[in-house]
Every structure is written in C-alpha cells, then in structure tokens.
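K.L.:
Given the coordinates of chain A, assemble chains B, C and D onto it according to the supplied hints.
There are 4 protein chains.
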Amino acid sequence: MTNTVGHLIGGERVLTGGRTQPVYNPSTGEVCGAVELASVETVEQAIANAAAAYPAWRNTPPAKRAQVMFRFKMLLEENADEICELISTEHGKVLHDARGELQRGIENVEFACGIPQLLKGEHSKNAGPDIDSWSEFQPLGVVAGITPFNFPAMVPLWMWPAAVACGNTFVLKPSERDPSSVLKIAELALEAGLPKGVLNVVNGDKEAVDTLLHSSTVQAVSFVGSTPIAEYIYSEAAKNGKRCQALGGAKNHSVLMPDTDLENAVNAMMGAAYGSCGERCMALSVAVTVGDEIADKLVASLKEQIAGLKVGSGLDNSNEMGPLITADAQKKVKGYIDAGVEQGAELVVDGRDLVVPGHENGYFVGATLFDKVTPDMSIYTDEIFGPVLAVVRVDSLEEAIKLINDHEYGNGTCIFTRDGEAARYFTDNILVGMVGVNVPLPVPVSYHSFGGWKRSLFGDLSAYGPDAVRFYTRRKTITQRWPSSGVREGVVYSFPS
Amino acid sequence: MTNTVGHLIGGERVLTGGRTQPVYNPSTGEVCGAVELASVETVEQAIANAAAAYPAWRNTPPAKRAQVMFRFKMLLEENADEICELISTEHGKVLHDARGELQRGIENVEFACGIPQLLKGEHSKNAGPDIDSWSEFQPLGVVAGITPFNFPAMVPLWMWPAAVACGNTFVLKPSERDPSSVLKIAELALEAGLPKGVLNVVNGDKEAVDTLLHSSTVQAVSFVGSTPIAEYIYSEAAKNGKRCQALGGAKNHSVLMPDTDLENAVNAMMGAAYGSCGERCMALSVAVTVGDEIADKLVASLKEQIAGLKVGSGLDNSNEMGPLITADAQKKVKGYIDAGVEQGAELVVDGRDLVVPGHENGYFVGATLFDKVTPDMSIYTDEIFGPVLAVVRVDSLEEAIKLINDHEYGNGTCIFTRDGEAARYFTDNILVGMVGVNVPLPVPVSYHSFGGWKRSLFGDLSAYGPDAVRFYTRRKTITQRWPSSGVREGVVYSFPS
Amino acid sequence: MTNTVGHLIGGERVLTGGRTQPVYNPSTGEVCGAVELASVETVEQAIANAAAAYPAWRNTPPAKRAQVMFRFKMLLEENADEICELISTEHGKVLHDARGELQRGIENVEFACGIPQLLKGEHSKNAGPDIDSWSEFQPLGVVAGITPFNFPAMVPLWMWPAAVACGNTFVLKPSERDPSSVLKIAELALEAGLPKGVLNVVNGDKEAVDTLLHSSTVQAVSFVGSTPIAEYIYSEAAKNGKRCQALGGAKNHSVLMPDTDLENAVNAMMGAAYGSCGERCMALSVAVTVGDEIADKLVASLKEQIAGLKVGSGLDNSNEMGPLITADAQKKVKGYIDAGVEQGAELVVDGRDLVVPGHENGYFVGATLFDKVTPDMSIYTDEIFGPVLAVVRVDSLEEAIKLINDHEYGNGTCIFTRDGEAARYFTDNILVGMVGVNVPLPVPVSYHSFGGWKRSLFGDLSAYGPDAVRFYTRRKTITQRWPSSGVREGVVYSFPS
Amino acid sequence: MTNTVGHLIGGERVLTGGRTQPVYNPSTGEVCGAVELASVETVEQAIANAAAAYPAWRNTPPAKRAQVMFRFKMLLEENADEICELISTEHGKVLHDARGELQRGIENVEFACGIPQLLKGEHSKNAGPDIDSWSEFQPLGVVAGITPFNFPAMVPLWMWPAAVACGNTFVLKPSERDPSSVLKIAELALEAGLPKGVLNVVNGDKEAVDTLLHSSTVQAVSFVGSTPIAEYIYSEAAKNGKRCQALGGAKNHSVLMPDTDLENAVNAMMGAAYGSCGERCMALSVAVTVGDEIADKLVASLKEQIAGLKVGSGLDNSNEMGPLITADAQKKVKGYIDAGVEQGAELVVDGRDLVVPGHENGYFVGATLFDKVTPDMSIYTDEIFGPVLAVVRVDSLEEAIKLINDHEYGNGTCIFTRDGEAARYFTDNILVGMVGVNVPLPVPVSYHSFGGWKRSLFGDLSAYGPDAVRFYTRRKTITQRWPSSGVREGVVYSFPS
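Protein chains in written order, with the UniProt record's numbering: chain A, 1 to 497; chain B, 1 to 497; chain C, 1 to 497; chain D, 1 to 497.
For reference, chain A alone in the conformation it holds in the complex (with noise of 0.2 Å):
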C-alpha cells in the first residue's frame, strides 16, 4: 500500500479523496506513493485561506516576519538529511546533489531574513516647498507560485519566503511528480512559526493551474517551467490582469576559448552537463569550441572523464549521476540521441544502453558525448533535459557569440578563457541573462537575482533576490502637505484637549 501525499491548507495536510496519481522512485522504476490532484474546489479553498490570513500577516513587522524567516532557516538545516531522502527518492538525483540544491534553497531563505533592510522605500524631503514625498513597498496579497520536478525544494524557496516576508500569503503548485519533500519543507515552515494559511500548497495539475490563473483574489503568479507552458501563464496571467514572471526553457552553451584552461573546463563541464542528469535549466549542453585544437583535446578529455562515471541510484550518495524523471522522459532522451545520429552527428558516447546493476527498471540513460554537431540538428535546437553533450566547432568568438544569440533560449551561457577582453566582450555582447566567466553555472547567489533573456523568461523582473522584492510587491507613493492647524502658532492656550 503506497502513501498518498495530498495538500497543506490553512496550515493543515488535507486529503480530499479526489484524483490522484502515482509516484514513483525513478532508480527504481517502482511506484512509491501517489498524489492527490486538487479540484477547483480545493484550490480554491487553499486561496480563501490564504486571503483570510493575509491582512494580519500584513500588518505584522516585517522584523516580526523575519524572525521566522530565522528560525525556518534552522530547521531547514536541521532537518536536511530526510528532506534530501525524500527528493532523492521521488526525483532520483543523487543525495549529495538534492544537498546541494537544498544548500541553494537555504541561502533564499537567508536572504527573506534581511526583509526589513529590504523593504525600504524612498524618502523625498521638500520634494516641493513643505511637501514631502516617499514611496512603501507594500504585499500585493494572495501570491501563487507553480513550480518544476527538477528542483522540487529549491524552486519553491526562490518563491514564496520572499512572498510572505514581504506580507504576502501563498498558494504553491510545486510539481505532482515528486511532491513530498515541498510539503515536508512547508511543514517546517509552521514549526518556525509562520502562522496557518500563510503557506498554502496544493499538488494538482492543469486544473488545479487554471484556477489560479483565472481567481480574481490571486494578484500574481511565479512560474518555472518549459517555454510552452511559461508562455500560456504569462498570457492566461496578462489576460487575467495580474502581474506574472514565467521563466521557461534553456540551451546553455559554453564557450571554450583556444587559451581554455582545459582541465578547469573539463571538470566543470562533467558536472555542469551531467549533474542531476542533465535535468536543469542551467545545465550545459552545448560546448562551443573556438578552433579545432581545443575541440579535438576536450572530445578526448571528456571522453576519458565520462568513462569513470558512476551512474546508479539517487540514493546511494558514491554514485555522481542518478536516473531522469521517468520513462517518459528516458525515451524521449533516448530518441533525441538516435536522431542526433540519423542527423549525422558524431556520437562519441552513446548512453542508450546503459544498464544500472540491480536497478535494471530505473530510468537511466548514460553520459552521452556528441561532436560535429550543427544547429540544424535536433540535439541542438531543442532542449532535452538529459545527460547528453553537443560539442559545436567555429572559427572565432564572433561565430560563437552570433550562434549562441540566434537560439531562442537566452538562459545561462560561460565562457573559458584566462583573456580579460575576451571575456569582456562576450559578456557585453551576449543575449543571455547569466553569463559565466571560467563559471560552468553561472547561477547567481540568493543575493542577485535569476533570469534568462529571450524565450527564456517572460516578464520584467527576476526571479529571488533584490527582483523578488519588486515583483511580490506593490510601489505606493504619498505626498505629503501639512496645513498649519494652529497648534504650533495661535493662542496656543485655548486648544481644545
């Protein structure tokens, strides 16, 4: 019998006996519980309790807010072994690498701590003769955030601490695929002493989706996700009225300059294009090698790297690369290699049939390594969000940087080189929103904020960090005149008490 993993509303775990679905252990291939897909009803009561404990968590200090931002931040820490067990489990990444992107999601909530230096506005004093003039931040309401399978904790902490320690309340969709360590996490939110119905989670699908987007209480909307989907919520938010960020998908290149230090790219690029499978949006899957002498000498070096992985169960932390989501995605994967070589790249790792020891079920798919690859190709335009590798040859940073920017995808890009100008000039001229030098994942820290250029993000501000502040906010601008009343002037004497 499988454990169903249902919503957390007004501060309570409910179950409503509705739809639900399995989930299962990608090592495995086996179901390991099931999720409850919320109705419209249900949703909608996780919004209602949001509104109805939004104005006193509104009117709450925001020093008073950040105090549970601390005491969250402790707990997380605390608590980190089962929630990495719980990702591991229904996501298949290994533990250390669910350690890692908990680490991320800590340091989120680290910076949702600093809210009152945050949330400071603007003072104006005589912006006109006795006139002055200042701007508050202040919360939009109830708050919704949708969230992906490949980061289940780390997605929902850019998102909704920022959101309450601004004064909003939240509804959360985090993905149905692997729901329970979000709600573990949530948990540990009301032991911190956030109070009930601040956070509300529901898991749920397309329904559960629109009936955020289409309530009239829900004054903004987060998303992370692919580009098809962020650009339905960005247009269904639009029509909607609300404000909305909708960050979408990613091809992330590298550049490796002829003066590459090569053995710095090569580790970086193991993990950067095989971590977590390849299931991150600021995975590498392309590298842009400048001249044929470093392409001939990282094909050769990756090669060597990729034959030492090892590949097996998320849950045994020796292992460096885990499964991906599901079969789904293993075969979708599998097809992009076979039509990488139909397209007549040349494969130099083949993944497809790797076969994992005692988790022969699982839904693993090998390191695979493509050279000769050409834009035209499949493996290239699309992203596969698997453990596959395109290397693509030019002549000169210029064919590197117009390549890079004709791609729909404006995520993360880096290059590698020890050249100050060379460097300089490709950041400058890059359509892409993070950009690393000699930084495989140029993810920035919880104090910057996060977003791609293009078909990447779709909305004005970021994601965390300082944008996070603006979008979960609301500008207000008073003006102020006073008129003398007498009280300081006149016959000070007769004023009536």
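Everything labelled a hint here was simulated from the structure, so no lab data went into it. Please note that a few of the clues may not be correct.
Claimed, not checked - Below 25 Å or equal to it, Euclidean Cα-Cα: the simulated SDA-like pairs (lysine to any residue) are:
id, chain 1, residue 1, chain 2, residue 2
1, C, 64, A, 443
2, B, 331, B, 344
3, C, 454, D, 219
4, D, 64, B, 75
5, C, 454, D, 466
6, C, 239, D, 217
7, D, 64, C, 429
8, A, 206, B, 239
9, B, 196, C, 129
10, A, 372, A, 399
11, B, 64, C, 129
12, C, 310, C, 353
13, C, 332, C, 360
14, D, 297, D, 396
15, B, 297, B, 402
16, A, 196, B, 429
17, D, 372, D, 296
18, D, 64, B, 78
19, C, 402, D, 217
20, D, 332, D, 229
21, D, 196, D, 52
22, C, 454, D, 44
23, D, 454, C, 210
24, D, 196, B, 74
25, D, 454, C, 231
26, A, 64, C, 99
27, C, 184, C, 71
28, C, 196, B, 129
29, D, 239, C, 240
30, A, 64, D, 129
31, C, 372, C, 307
P.N.:
Same frame as chain A, now just chains B, C and D:
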C-alpha cells in the same frame, strides 16, 4: 488649406500620402490641420529605423547619452512658448496649464540626465572563493510607447527620455488628436544631438498600435490611456512575449475629514477637479465628506468658487478652464450629467448649457457639481473625463476607505486632515497607488514613479522615475572566476609577447 | 574569594596577573568580582592576534561570515537568561530591562546576517568606451571599540558584529565596571564559529585605551561614552590618522504640545526618564511643556505614577527601576538634586532619601521630578545620568525648539502631538539626530543607524545599521579596460596553450 | 600695473586693501597679477555671509537647487575658453590640459544636478506596530573647502557643487598661486542663479586656513593638498569637533606584466607621467616592471617618445607639456634629479637643462626618466610633483604588490596585463584606493568617488560622487507613531473646526 502632420522616422519628417483625419481646435470647433495615419508599412519602417540605430546608441556610454538630455532640457525651455501654443491649439487646455504639463515633462528629462548614476549595477566581491558577481542593466533594444491625447507633451516625456537614456531606441505612437507638439519636441531632441533613428514618431490608429504589438522587434510597450485599451495592450503584448506596462483609467476620490482646513481644500479641489476640463487621469472627480457638517460647507464653498470660474479658449491665458477635446467628448460628458440627474443625484451646479461668447462651436462644458451622489450611479462608477465633481457623503473614515477600495480603479486619492493618525491610517489601508495628504493631485515628482493600483495599472513596474530604468533595461548577471594562468606565478620571463 | 575577569585574546581567556580592580553589585553595594586591567603589552597582544587573524578572515566570503552570525543569533537567544543575570548583577538594571538591551543587541546581529547584500558595490558598464568601473567596500583590517558601562551587552553588539561581518578583526575594550556579560557573549561568538583572534576583548582603563589609540595597526575606533572622553578619543584618533566615530553625552528633551495624548505621553515618559535609572544616553531627562495647562496636568500625573514606581534590586524582575552603577554615581546624582533645589527649581518628587529594605547599601536614588526648571540651572545644562526629570515650561513650539537647539547636545528628542504640521515642523527644524513623534525613546531600529548631532557625536558616520558598513569598510574604485589580445581576433589556432 | 585678485563674499568681489602677493605666469616667469591674502576678519566675514544665506538655501527644495546646477553647467561650457586661458596663464598647464581639467569639473556639476535623487532617505513602514521610521539627509550648515594649485578649476568643483546642492553654504579657500579661474567660475554660479552668500571665495594663506579650522560656525572641511598639511588639517579639524576629509600626497605605481600591450602602455604612461608636468596627485611616477624583458622594452620605448615630446608655454596648444608652477618647484624637482643620480639610479633621460626658446625664464623641467631605481632612493620615497618617472625592476607580481603596499601612499595605481587573473589578484590585494587595469590614471568618474588609502586620505568618506552627498549631509532618523485622536473613530461630528 490645412497642414498635415505626418511622422518622424530616421530623423526625417515623413508623409506617405496615406489615410488622414482632421485635427480640430476644440476651443473653436474648427479644423486646424490633419494628421496622417500610419500604415503597417510605415510603422514597420519606423521600427526598422529604430533597430538600425540601436547598436551604436547602445554602445554610446551613458554619460554621453546624458549630454543629449542636458541640451534637450535647455531647448525645451527655450521653445516652451511655441510648444504650449501647439498643445493649447489642438488640445484646448489653457496655455498656463500647457506650461505646467510641459514643466512636468521637462522634469522627466532632468531625471534622465542622471542616467550614469541610475544605471549602476550591484557588484559582489567574493560571492564565492575568488568568484565575483555583478549585475548590469542593459537596454532592451527597440521599445514602443503609446500615449493619450490629454497630455500630448508630458506623457511621451515620461517614456522615451528614460528609455533612450538607458540605451534603447524608440517608436512613439502619440495621440492622433493633438499630434503637433510631440513632433516639435522630437525635433528638438534631434537638435540636442539625439542620433537619427533613436526616436521615431508615428501617428496612427489601431493599425499602428497593432503593428507595434505584433512586431517581433519591439521588446516592450508602455501605454497610457483608458482601462479597456490598457487591458487589450497588456494581454496582446504578453501574448507576443513582450514586457508591458499599461496605465488605464481612474476615479480619484478625495476624503474630507471633519478637521479639514476648508479653504485650502476647496482651492486645491477646484484645480484638481476642473483643471484641464477634468481630462486628467489624476483629476479629482469624487469628494467623500466625513460628516454632513463638512459636506455642507464644502458644497457651499465650491458653488461659490465655480460661479467665478473663467471658462474659455485655451489660447487666452486669462481663462482657468478650456473646452473638452472633441464634440463626442462633449456629448458624452453631458450625457453623464443627464444620467446623474435621472439617477437622483442633487445637481448643485449645471455646466451643460455653458456658452462661451465668440466660441459658440467650441466643445465646452461648464464646471458641474453634484451632491449626494451614491455608489450605484454612473457618475460615480464611471470615469467621466470631464469637469464633473461628485460629492459622496459618508459618516466615518472607515466608510470612506471601503468606498474607495471597492471601486475598480486605484490611481490617485487624497485625504484632507490635520490629524497625523487619520492620515497614516488612510495611506496605509487605501488600495490606491498614489496618495496625497492635503495634496489634491498626488502625482509623484519625476524622481519617484507613477503608478496606480487595481485596474488603473497593468504590469509590475510603474511609469517614469526609478521604475522606468528597470522597465527599460534587462538585468544581466555575470559570475566570474579566473583560472591562474601563470602570468603572476610560474616562469614569468618566458611569457610569450 | 571573588572571581577575576580577564581578557579574551586569540580565542582564549587570559589572565596576566596584572593590576585589578573590584567589580560591585550595585543592588547590594557588595564586591561581586574583580577585573584585570590590561597593560600596554596585553593590549598589543590582542592587537597582534587580531592582525594575525585578519588575512584569512578577510578572504572568507561574506556569505560564509554571515553563517557565523546566524548561529550566533541563535546562541544569544538560547543563553539569554545567563547573560541577563550577568548584566543585572554587575550593572544593577532590572532583568527585564537587561533582556530588552540584549534583544536590541541581537537585532544588530540579525542585521549583520545580511552582510552579502549590504556589501554590494556599484558597477558602471561603459564608464567610458569599453571601460568599466566599480567600487568594492573592503575591510579596514584591525579595528577597535571602546564601550560604556550602561549597556554592557548592547553597545559592543552595535559594533563588532558589523565590523567582523565586513571582514575586519576586532579588539573590544568594554567597561571595566560590568565586564562579565561581554565576555560570555564573546565566547558564544567563538562557539558560533568565529575564528580565534577575529574578536578579542581586553578589559582595562586609560592605559588600554591609549594603547589602542596609538597603535599603528588599529585602523579605526568606535567609541560610546561621555562627551569629554569622546572628544579626546576623536582628536587623538585623528592625530594618529585613524578614522573615528565617537558618541558622547545627551540631554534629551520631550516636547508636549497642548494636544498631547497625555495618558500615552505619561506612560512613555515614565519608562524613558526612569528606566535603567536614567543611565541611558537616550533617556528623556527634560520635558518641555507648551502652555501651563499641559504642564500642570503632566506634573500631577507623573507625581502620581512615581508614587507607585517599584524600585529595588535588579535581580528581582518585579521591580521597575534598579540602582545606579556606583556609590560615586549615587553621590553625584544626589548632588545635582541638591543643586536644583538651591538654584530654585520646584522639587515635586524627591528621590534622595529612598531606602530599599534589605538593600540598604545599594546605590539607589529614587525617581525625582523637578518643575519650573530654567535653562541656567545645572540640572538642565548637564547630563545627570540618573533618575531626574526636569520640566521646563514654555509658551510656544518655537520657544521649545530654540531651547533644544541651543543645548550643547543633540542626541535624541521627541514631540507629543496629534498634529501633522507640528510634528513635521519640529522634526525638520530640530538640530537633533534622532527624533521621535509620540515615541519617547527614538532609538533607530537596527537596520537604520544611531547618531546624535552637535556634541553628541563626533565623526561623519553613525553607529550600526547601514552607516556601520561604510564606517568599517574602505572604498576601492577600480577602472578597467582590456586591450585586445588577439584571442578573439587574429589567428586563433596558433595561440599558445 | 597688475590686476589684484580679491575675494567673493556675499555675491560681491571684495578687496580689503590687505596683504597681497604676486601671481606669476610660470611659462614666462613674469608677474601677471597679484592676489590679496585674507585676514581673519575677511574670512570671518565670508563665514558670516555663508551663515546668513544658509536658512533660505537649506529650505529651497533640492529640485530648485538643481536648476542652478543645470544652468551653471551650460555657462561653464559657454565660458570654457576664457576659464582655460586663466588656468593656463597662472598654472602653466597647456590649454588642452586645462580643458580636460575643466571637463572633469563640469562632470561634477552634472552629478550635482541629480541631487533630488541622491538625497533620498530610507523609509521603513512598520518598523514596529504602527510605527514608521525614516532617515533624512540634512545639510550641515556652513562648510569649507581648501584646494590646491594643481587643479584650480576642477578640485573646487569636486567640493562646492555637491555641498551646495545638498543645501549647505560654502566658503572656499583656493590656492593663492592661480586664483583667477576659480573666481570666474564662482561668478558664473551667481549668474546661474546661486543666491548671494551661498558660495564665498577667500584667497589667503595659513591665516585664512586657521580661521576656517577654528570657526565654530564651520561644520566640515574638505581639503586636497600635500600629506603633511592634510594631517594638520585633519587633526585640527577633529580637535575642533568638525568632520573632515583631507586628501594628501601620492606616489602612483604602474605595474607592467610580461604580457603588457606595450604600445598601449607606453602611450598611456607618457601622458600619465608627464602630463601637467607631473603635478597631479594621480600622476604615474613609478613604473614597476615584472621581468627585465618588459623593462628593457619599456625604457627604450619611453626614451624614444620623450625625445619627441613638445614642451613649452601652456598657452600654445600645440605643446604637450608646460612648466612647473614656481621657481621653487623647479629648483626642488631638479634637486630630486640630482639626488637620484647621486644615489645610483640610471638617468636615461635628463630634463634638467631644458631651455624653451623665447621662454628662458619659464619654470621648465624636461621629461626625465630613471631606470633601476631602488626603494631607498629619495626619487622613489618622495612625491616629487614633477616630470620624473622612475622605473623599478622586480621579478614577480608578488614583489610588485609588496613594494606598493609598503609605500606610505596609496592613492592610485595601475596594472598593465591582458590576463584576467593577474588583474583580479592585483586589484584585490593592493592597498590603494583607486586602481586601474590598463587604465593609467584611474580617476573615478564623477558618479563614483575619489579617495586614496593609507596616508593619501584621512577621513572615512571620499571626495565627490556618492560619498560627497554623505559627507555634506547629516543623517537624521525619525521614528513616528500617531496616537488615535478620535478623528477617525469616536464622534466625528463634534470635532472642533
């Protein structure tokens, strides 16, 4: 024979021989010119010119871009009389009111002069060991602005000076009803040194608007107008993946507390209700009186003041109020007054029959005052955009706040009181973006930002001021680590030169 | 046999067998311990330890330094009872007051947790063509703090958490009168992970202070104490080329307008005048009444409240006021009361003869109230640092402002009124650094900064909050241009690897 | 008969008939005027005028104060030729160099135009329950500036535009050696609308300086000059309780790495070492070469360039270098060259015997180059303030950094390299306030701040840019709570009006 106003594309005045429509002088009701309505091709030509001018302008250092703004400010001041006459002739507002509008616009140019300071990104040393991270706020590319008839000079100056100071190039579609001042101003920008193609102006109607909305080159759209159009713009822009800020309608309430300084309040309200014939999105159209005592005094005092109000041609600077923009507007406003009477409001002053001698065909409606208006009447629910002030009587501040918060709009509001606590309670709890305390028109100064709440603004960033810099730029975050290259270690003598 | 408190140097408790002096429990007048007074050599040893710890700590990423602060906050909360008992035993303040002090100190630690955000420098792309420029705020090196007896836990926490979060190492010389809590707190910092030598504590007297002032290693000095010593510290530090912030004495006035909410004001003033026996640099020691009506009511009401004030041992939490710090302080305060009577003030409540049963040797003085005090009296001109409140009667707000602006100190002040205009006029025109409106002790919250004007603060930056980050860092501005190196142009294939 | 330059006090040119001294044209060695040296009384009169102008100016809204700066910028541009001729005549620098100086000064005026934005304080809603807190940055009152001869136009413009934009009034004591341009500039400020008395200029010597330092009216002092005087100013100002920023001397090193782009570096260094005859606190006077290969090339290349350097009268714009400021300066610089030879440095190019035909009495010294200079020589330890460049040869970047960090000054420095890691390592570890990467004179742009480290700056805030706004303002923090007054509750009808 009338003069036909065309477009400004690539630094040149352009007339294509396409569709035109007449431009009227509302003070006389006579045609004073014509305006050409841009076709899809004309708008696309403007976009193409903006795109062509972008790379060089984007790479011009911000401090150089600011020099254009410094000179532009001076030219606007030197040419103020001519600009104001153009505004007044085509819009109808009195010259001194046009001057006020222009002055506010110039202040936005002054703000843009500070762009080197405003564009600063955040730099973190040691975001990790030997890793630095910083943000850059880079321009978007080609952006568009769509602006209303009521502030033909000011609202465009809310948008494009900030946008181009940030390094963007711009296509402006102003109102086709009063197109001349905006073109004059654009020419002054060229004279100030703005390179050709950086700012383009196309006159037009829905065809022009839709071309901008559907262009894949246009990265962002700023709009000011009515709420239904704002909603259309916002959802269409989102559907096309653009960022958008769309400012819509308003119904601005002032609250008069029992301790109101009445003389101050009445003076303030006369200008705020009837200035520019009520055709302002920040016009005060509702006075909410707390207690009958202040209501009675207010109505009596306003009635007296209205009796002395000088209404007439905008070109006669001794007037205090001019005509409405069109015959249609005149008809619509009179219709609202009819409805107010029918629905039971007490018509204290009736402006329907006003005739201005010598300007019998001008689109005048006199200052109108209703008392005992209730929330169900159309003169309360709708934005009239005419010189009609409605007094609503309530018994408490709580009731006043509820009334305002229940209205669909949330642009501006104001409280008149001498009491610190009442003001603080009001500004805190009111769901309105711009709040005045004893300030009737709480338009934020140029170094703050302009934005309503609820259905008065769609988007997450407000107009002009600091928000404009964020709206017209895209965050790029760079994370940098340098591998040791031997330059400062190893055998330095043998380094290749 | 008493316990001798020594120093904390390089992470170890140190006793050198040097000079000592007794530590008293002011509630009983009995010796409760001894404190060693550091010699030149001992202070130099502390400085040397700080210098040795500096390079590694400076290079620790700010986010890692913040982790120490997060843990430190939790440890302070867990050990609050013990710390407060140490404070109360040696200082005499009532336990709940010690708890308040500690809480304020913890809030400074919370602020330091946000150091990654607070240390951000400003980055300008294209300061010139292809030239970038940015600022970094780098630590100073070894910095020193010298703190007073009246807040043994809080004032050190104003200083060193911000300083070490910025990357500095620290030598603290706290008050030798109540040395135990500060050492306990320093040990908790070590437990939280602060590396040895980053924070050093030396107890001592002028010899220790002068050693710090003359050390060429010490880069900056923060001081809180009396004005004559502040002046000495400030000029000596300057003579030795150091940066310095030296906070001195105060005489804080409250102004009661005719429309004062009296009950609120009296409650507020009881705590602000008599809390901690008046030994606070933010204590309210003067009440300026505008008009005799409010004066008469105030004096009557205070007299009644004072009658019920519970004075006794600091270790009994049911008390509201404890003893003064020393027998000397007791004698000095009584001397001021004598002088007030001689100089003609009206002594409404006389605290000179108070005896606390069972604590006959404690350094108690009862709450004392003078009416009709004039600006020439020593109870008005001097900072008494005891439970003495002086009422000065004036006829207008202008007169009240002149009185306050003419006083040599300008630390804190407060106005009681309901009137927006009176409050704004007062806060604008008063030459005082921290101003309350209906808030009797306007100590800024930890994310703002603390600083008086006139002879209450010497230096340009205030204590704690944002200013502390500037005070404890040095701006470095980097301007960078990269010459083209051929990597991205030229013959890329032949580049040497 | 020569013209005597006096003072500008209360908006009027003032000559008191007091002590005078001659002003020379350094290009000819002839007297070109005289300057009156202010007595104590004259300086006190200037201070009194500044004090009288303060209240009205302080209450002028920042946006109005900015208008003066906008017009002042334009007037400076329109009068640039005249100003530069005055600079060149009295200082000797070549006209184009004077133009560069003036341009930099104008950029400080541009920065001051943004004062409404720059003065914004921080506002916290709900710092506690219903308690708001915010900071205001208020002007100090009368502040003083004392400026050096080498940038007679620019350095005063670093100070007073920011100071007066902040609302202060100012007394400037410029260098008595080249007094004319500063007075011309001050008159343009009046023409731009600066009220009389807001800016006062007194010429003088130590008597004037000490009067400023001892005045109880003067709140702050900004100084730029030599280090011994800076120390005197800093400690005297502190002794008198003032805030002070005192910028002193420099010995700016450039480091040439083996991968230096030599052509770029040599061009850069010619201007940086010999421009303005080396009389700049940012002049590059030491070249540290890493490895003999780059050293040999550098010396050969500089020697060749020096041979073509055109030296002559400042008023002839075809020249590249002019004379020193005085005969004494000429003698002193030649003495240093003598000492360099005696102490064993290799004199590659000797400028001692330079004669400029037609200007035989001008204070010329030719560009001088020493190789193989060691740290013990006086040409290395001292700031020569003349056209003398010393090459010091080292073997590694570490050695170069140690050399620089051991020098008493820390104003500016620069590294020439193409290597990202070397640049980052250098900028991180160097104890210098302004650091260039391939930028020889890393003077921060006007919207950053100027400040050295070590004995090059005394104080905690740098000159101009954001720091100037902090230096010229005092933080006031207001904490506000409103008691309920019955206006919005209770029986509103009976409220007294």
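K.L.:
For a quick check of understanding: which of the numbered hints are violated here, in increasing order?
P.N.:
none
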